[in-house]
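Peer 1: As a plain string of letters, each chain reads:
Number of protein chains: 2
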Amino acid sequence: MGALDVSVCDYVLRSLILSPSCFLPASLAKRREMEKVLKPMDAEQLRENAHKMVDFIADYYKNIESFPVLSQVEPGYLRKLLPDSAPTHPESLQNVLDDIQEKILPGVTHWQSPDYFAYFPSNSSTAGFLGEMLSAGINIVGFSWVTSPAATELEVIVLDWLGKMLKLPEEFLSQGKGGGVIQGTASEAVLVVLLAARDKFLGRVGKNSLEKLVVYASDQTHSSLQKACRIAGIYPENCRLLKTDSSSNFALPPDVLSEAISKDIAAGLIPIFLCATVGTTSSTAVDPLPALGKIAKGNEMWFHIDAAYAGSACVCPEYRHCIDGIEEADSFNMNAHKWFLTNFDCSLLWVKDRNDLIQSLSSNPEYLKNKASDGNMVVDYKDWQIPLGRRFRSLKLWMVLRLYGLDNLQQYIRNHIELAKHFEQLVAVDHRFEIVVPRTFSLVCFRLCPPNDDHDHCNKLNRDLLDAVNSTGKIFMSHTVLSGKYILRFVVGTPLTEEKHVDAAWAVLQDEATTLLGRF
Amino acid sequence: MGALDVSVCDYVLRSLILSPSCFLPASLAKRREMEKVLKPMDAEQLRENAHKMVDFIADYYKNIESFPVLSQVEPGYLRKLLPDSAPTHPESLQNVLDDIQEKILPGVTHWQSPDYFAYFPSNSSTAGFLGEMLSAGINIVGFSWVTSPAATELEVIVLDWLGKMLKLPEEFLSQGKGGGVIQGTASEAVLVVLLAARDKFLGRVGKNSLEKLVVYASDQTHSSLQKACRIAGIYPENCRLLKTDSSSNFALPPDVLSEAISKDIAAGLIPIFLCATVGTTSSTAVDPLPALGKIAKGNEMWFHIDAAYAGSACVCPEYRHCIDGIEEADSFNMNAHKWFLTNFDCSLLWVKDRNDLIQSLSSNPEYLKNKASDGNMVVDYKDWQIPLGRRFRSLKLWMVLRLYGLDNLQQYIRNHIELAKHFEQLVAVDHRFEIVVPRTFSLVCFRLCPPNDDHDHCNKLNRDLLDAVNSTGKIFMSHTVLSGKYILRFVVGTPLTEEKHVDAAWAVLQDEATTLLGRF
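Chains as they are written, first to last, in my numbering: chain A, 956 to 1475; chain B, 956 to 1475.
Be aware that a few hints might be false.
Copies of the same chain look alike in the list, so a pair counts if it works inside one copy or between any two.
[What the hints assert, rightly or not] Subject to a maximum C-alpha distance of 20 Å in a straight line, what follows is the list of computed DMTMM-like cross-link-like pairs (lysine to aspartate or glutamate): (1) Lys1119 x Asp1039; (2) Lys1324 x Asp1422; (3) Lys1249 x Glu1214; (4) Lys1155 x Glu1166; (5) Lys1058 x Glu1389; (6) Lys994 x Glu1020; (7) Lys1167 x Asp1154; (8) Lys1162 x Asp1014; (9) Lys1162 x Glu1192; (10) Lys1122 x Glu1379; (11) Lys1324 x Glu1029; (12) Lys1415 x Glu1321; (13) Lys1035 x Asp1014; (14) Lys1324 x Glu1389; (15) Lys1198 x Glu1321.
What the hints contain is simulated information worked out from the structure, not anything from laboratory work.
Make the full structure from the sequences, and use the hints.
Peer 2: Dropping the structure here:
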């Protein structure tokens, strides 16, 4: 059977027998013939094949625990399994599905497995998936309001909804000068606000002053800030990643920031941007926003808050205090695609003054002009982001909010935090291990730390332990280094993870630790 | 019925009756209780609800011709229809689907309608949609090889496949120093190569020389180049958009480029980047690559080719000549999400030297380190792009190539070009209209041009005509301005468009023109 019931050979045969095209003018006959060849958007073919794909995906989730969590393939494995070039003729969907099962899935690291505890989570959910399906299905490109008013307006509304759930200051909502926008990732969010800050300052002090602009953050800040600085042309030596240590639980001490700023001003430099983090990547440290914000505002700098991971927890009243101090911020970012059940990608950025973004990022070529935009009656999100094109991403967030509701979403977060607490307690009673920094959200930072072990050996031991547990395929975790210590990170955050998975993960860790320690 | 069969009230009632949680320790009981509340990734719930969504989307396509192509809503329409805040409790999927039908779809501009002829197309197909479903379904984040080897390796392989279909020079394929990568959009593609070029030159001449760097392109180049220049900090006065006119059919004359470069060098400036276009946005002009490439290489500049729209046509042997001269290019871009049946977003970028990208865009924080990356055994696509996170986008392109095959894809392109020719012939025989530039691919640039009409009035007439046809809801077209002339753009490019739709569109245009001319 040809793919999607289309086969060139079949068609040629059929047309030889049936088609009266020899009686039509040549060009018309040619067009008619071509139109018959491929029906790539036939509604009934889509229906039939998409139902098959739904079952394939649902079956994947039924069996997800049967796969090694971390893919165990070797580099280059896939080239050996696939042909050197694309096919000339169509293949059947069944062939492709078979290949996905046999060739692709072994090379997948299963982020949705209940036994996945690495990096930060990247949540899938039925609601998020349905939203992605719908967005991919209607496949509009919403760069300007006119190209699909619903795409822009739903985004404005849903970002207001979530802003209210987070109790963001009113200035971040769309009714005044501010508003929210969905970026692809937190990297893009920090880049666009850094560009806005850069251009604002260069506008004041002259475009030849790029070399004087200074950006501040702690050394725990996500690497995307440094990358954004490089893209924006901030001089590498003016990107200050201020040192933190265990005395502040790896949060940025305000006096360290003050001192750095004073020194830079004395040297004739211009502080323009502070990035504070709520929930750093290594250890979910929470920078002290109120004090940092005061310093930033005192120096007229742009104040950005990166809460990519931990922002989700702030919809629970008991965690909202983590973003106290946001009143002073110019921009705030949280990734709904991490821990908020919205399939990747969906990074939420709010700004107090949308004109700052528009000043830096707008474009207005003739071929995109239209009455609504010309009349300043609408939001055109193309001017708030790097790319021109954009998907209808608000659908999935809207569906998550409606199909689950605030209560369930809060419970979802709390459940993961409780499971992380449970894991922390398990680690705490095994004296071969130590908790390295206090747990704040759903990440536990710990390490194997036998008594009297020296520093270097201990680091090697934990590196080996991580290798060993990940090689079992039973769980997947990742690591970091804090003040020279190699540390294991255990993040609870997938929708399927239950207590039994946490217990089983701990058993794997204990077993592998025992084996490893037995070797010495 | 609660959404996804989950209702907090139901659960509370059931747990009061059934749960023995009062006999468990408090924290354990709390956890168990929470785990019961929400099952956002239950495989059978996903199956049941996703089947409903498939039918919703297939029905949308069945009825797609019943909607106005261009949404006819007023700015702010949606806020009046939706509540002010997110729900506390879950809603049912049926409620949400009803809202999509009644509130969202009226605000959608239907890019997949067979009567859509605006901008450039943004193709959906069954194969592309299935690929999007699968990618959203397994929801991995493939920033490094290790986070899902298949995501990286399939992308390398599929970009090689397509590179061969386009007969790209071997240096663009992955076996040597080059290779392909999927970016979100052409805007991101041109940005990353511009950054690579900027950093390469600044590395040679010193980072204080930003003000001397000059970028060249024609004034027909997509606005994303200018935006990329602003982001990269290229001085606005050093972004040369060289004038074109009808004498070269709006392609960039090589002597104009040579002259500009000579002048800049004489003034002590440093030419770094040339962006040539194959298929400009306004009129699908094709810049003369061989001559331009020679000039760029003679001056040691980076030579980028933007074939976002027309690149797809180059898989047909009879259009491959449009990219002759690519031998001299450093990078080449085509959007599979425009005219190649791959759902948005999927912008393909090939470079001859991937290290140029990696030099500019790599990051290597401790928490992402892993053996495969440390050993330089693998591609880590995070270092070829702006964001860190990335979806498994190669799946959809792979499925398009396999389920349709090269022959069908070529026929698909040819069919659209034949339909555009057909439209061009219809316009040509109506003496009230004129074809403004010769048609090259599937775009026809034309305008209403009654004899003896003056320039300004003629522009107004065409603006009014566009308004009138788009207001009917029967078709959607867009416009441009070339050498001061307001021009209507008619692009054939959606998978559902057949000859009858082109004929009907022409009838709408003729009718509205008759009405409009009757008024004067």
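Peer 1: Run every hint past the structure and note whether it holds.
Peer 2: Cross-check of the supplied hints:
1. Lys1119 x Asp1039: between (52 Å within a copy, 9 Å between copies)
2. Lys1324 x Asp1422: Result: close only across copies, 12 Å inter versus 55 Å intra.
3. Lys1249 x Glu1214: within (14 Å within a copy, 53 Å between copies)
4. Lys1155 x Glu1166: both (15 Å within a copy, 18 Å between copies)
5. Lys1058 x Glu1389: neither (40 Å within a copy, 55 Å between copies)
6. Lys994 x Glu1020: Between copies, since 16 Å is at most 20 Å while 38 Å is not.
7. Lys1167 x Asp1154: both (13 Å within a copy, 19 Å between copies)
8. Lys1162 x Asp1014: neither (57 Å within a copy, 54 Å between copies)
9. Lys1162 x Glu1192: both (19 Å within a copy, 12 Å between copies)
10. Lys1122 x Glu1379: neither (30 Å within a copy, 57 Å between copies)
11. Lys1324 x Glu1029: between (51 Å within a copy, 17 Å between copies)
12. Lys1415 x Glu1321: Between copies only: 15 Å across, 60 Å inside.
13. Lys1035 x Asp1014: Answer is neither: 27 Å inside a copy and 41 Å across each miss the 20 Å cutoff.
14. Lys1324 x Glu1389: Neither: 61 Å inside a copy, 23 Å across copies.
15. Lys1198 x Glu1321: between (49 Å within a copy, 15 Å between copies)
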